[in-house]
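Trainee: As a plain string of letters, each chain reads:
2 protein chains.
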Amino acid sequence: DILEELVAHLQPKVLAGQRVLVTAGPTFEAIDPVRGITNHSSGKMGFAIARAAHEAGADVTLVAGPVALRTPRGVRRVDVQSALQMHAAVMAEVERATVFVAAAAVADWRPAQAAAHKLKKDGSGQPPPLAFVENPDILATVAGLPRARRGELYCVGFAAESHDLLAHAQAKRARKGVPLLVGNIGPATFGRDDNALLLVDEHEVVEFPPAPKITLARQLVAEIARRLRAEHAH
Amino acid sequence: DILEELVAHLQPKVLAGQRVLVTAGPTFEAIDPVRGITNHSSGKMGFAIARAAHEAGADVTLVAGPVALRTPRGVRRVDVQSALQMHAAVMAEVERATVFVAAAAVADWRPAQAAAHKLKKDGSGQPPPLAFVENPDILATVAGLPRARRGELYCVGFAAESHDLLAHAQAKRARKGVPLLVGNIGPATFGRDDNALLLVDEHEVVEFPPAPKITLARQLVAEIARRLRAEHAH
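One line per chain: the protein sequences are A and B, in this order. Here the numbering used here is used: the first residue of the first sequence is 1226, the next is one more, and so on. Here the numbering used here is used: the first residue of the second sequence is 1226, the next is one more, and so on.
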């Protein structure tokens, strides 16, 4: 509505001049032409971040897994299905980005081979064997790029956890080598319009209490902008 | 719109007095609290059939897997996630049904155990072992009920195939023990508003050329009604 448009328009342009790359949604890892492995991510948090970054003046590209969400106005969108496709799209786009926000729930594993035909029950009662291989770690790969290590590409990771959020978020931040890790209680928030976030960086832990995802996204954008300014002030 | 409402209202009441149970959509088989196995079924065909059956004067119950579709007006809806839940919902509802249309794309297999916590990469590069068990065959179970065998419950199955549609549909009709089997080319139709159907019964093969799913659903309802009349005329 008009009020919402006005609020969006009046957001401070704290990311002006930044080029922000956001991933969002689940990935779908094909087992055969009809089946696959996916997860409960709705993509709403990532889409809200893309929208908030655009409102804040950034040039935004959104790499989205299979979700039925409308593209935020002014945001460039690249649709993908699998983790391998998301990896390729991110690597193609990240060269020109100055901020990378990995909000997608990327599958850790995929079937080793996708069957060309639909798998059939063979009457034995035994399922066909299914072998898995690990997917590339998109966030760790990007965080390890020379531009990220030189501070020219600020990386933000997400952790969706079913328990022990703070400990997992801190461990994930260290493991992925990113300056900022955002935790959210996955099963409680997937698909909901509300969420609550826990920001973990080198120095502090900041909690955003439950709020609409667009509100949290704007708060997160403000926190990212604050850290970008702090980095450049060093 | 109003024209569509009028068209719906003017459909012949060929299923008046019938109680139709329809399944629709995919199932989601949990691997852990966030991940699971699903398929590309959009649920649109099953929802269209539920709507068309209601337009035709039937009392309609729709058992739906996880889809973001609006419930057709006048249709009672039961939401489920997994094949086991769909099986339980169907068995609870089917006692009072006179027609059962199994349009859902039910997972053949599920993980033997859903993990209570989100599975983690352990650094070995090896995925956690994942064992599968076969799900109950909802359609074959319903088709084997005494009421179905006595002709008091008319069963319609669906086959989504990636190749050899006619042969697979005929084989599935025999294997499931249902009078009518409807084939559709799965990967080409999932999520689309258009479809093309192949009806296979004991005597004949009828092809519905590509059309909007609501049109095909009305044609299918007419074919079901014709067969119900023929059965009762015997």
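No wet-lab data here; the hints were simulated from the structure. A couple of the hints might just be wrong.
[Said to hold, decoys possible] No farther apart than 20 Å at their CA atoms in a straight line, the calculated lysine to aspartate or glutamate pairs in the DMTMM-like style are these:
1. A/K1238 - A/E1456
2. A/K1346 - B/D1362
3. B/K1345 - A/E1427
4. B/K1343 - A/E1359
5. A/K1345 - B/D1347
6. B/K1346 - A/D1362
7. A/K1343 - A/D1426
8. B/K1401 - A/D1347
9. A/K1345 - B/E1359
10. A/K1343 - B/E1359
11. A/K1345 - B/D1362
12. A/K1343 - B/D1362
13. A/K1346 - B/D1389
14. A/K1401 - B/D1347
15. B/K1346 - A/D1257
16. A/K1343 - B/D1389
17. A/K1346 - B/D1347
18. B/K1345 - A/D1389
19. B/K1343 - A/D1389
20. A/K1397 - A/D1419
21. A/K1397 - A/E1427
22. A/K1401 - A/E1359
Trainee: All hints are to be evaluated individually against the structure, with a verdict given for each.
Mentor: Here is how each hint holds up against the structure:
1. A/K1238 - A/E1456: Roughly 18 Å between the alpha carbons, so the hint for A/K1238 and A/E1456 holds.
2. A/K1346 - B/D1362: 11 Å, holds
3. B/K1345 - A/E1427: At roughly 23 Å apart (the allowed maximum being 20 Å), A/E1427 and B/K1345 break the hint.
4. B/K1343 - A/E1359: Answer holds: B/K1343 to A/E1359 is near 16 Å, not above 20 Å.
5. A/K1345 - B/D1347: 32 Å, violated
6. B/K1346 - A/D1362: 11 Å, holds
7. A/K1343 - A/D1426: 46 Å, violated
8. B/K1401 - A/D1347: With Cα atoms ~14 Å apart, B/K1401 and A/D1347 stay inside 20 Å; holds.
9. A/K1345 - B/E1359: Answer holds: A/K1345 to B/E1359 is near 11 Å, not above 20 Å.
10. A/K1343 - B/E1359: Given pair A/K1343, B/E1359 holds - Cα atoms ~16 Å apart, limit 20 Å.
11. A/K1345 - B/D1362: 13 Å, holds
12. A/K1343 - B/D1362: 17 Å, holds
13. A/K1346 - B/D1389: The hint holds at about 16 Å.
14. A/K1401 - B/D1347: 14 Å, holds
15. B/K1346 - A/D1257: Measuring from Cα to Cα gives roughly 24 Å; hence the hint is violated.
16. A/K1343 - B/D1389: 11 Å, holds
17. A/K1346 - B/D1347: 32 Å, violated
18. B/K1345 - A/D1389: Holds, because 13 Å separates the two Cα atoms, which is no more than 20 Å.
19. B/K1343 - A/D1389: Holds, at roughly 11 Å.
20. A/K1397 - A/D1419: 23 Å, violated
21. A/K1397 - A/E1427: 12 Å, holds
22. A/K1401 - A/E1359: 16 Å, holds
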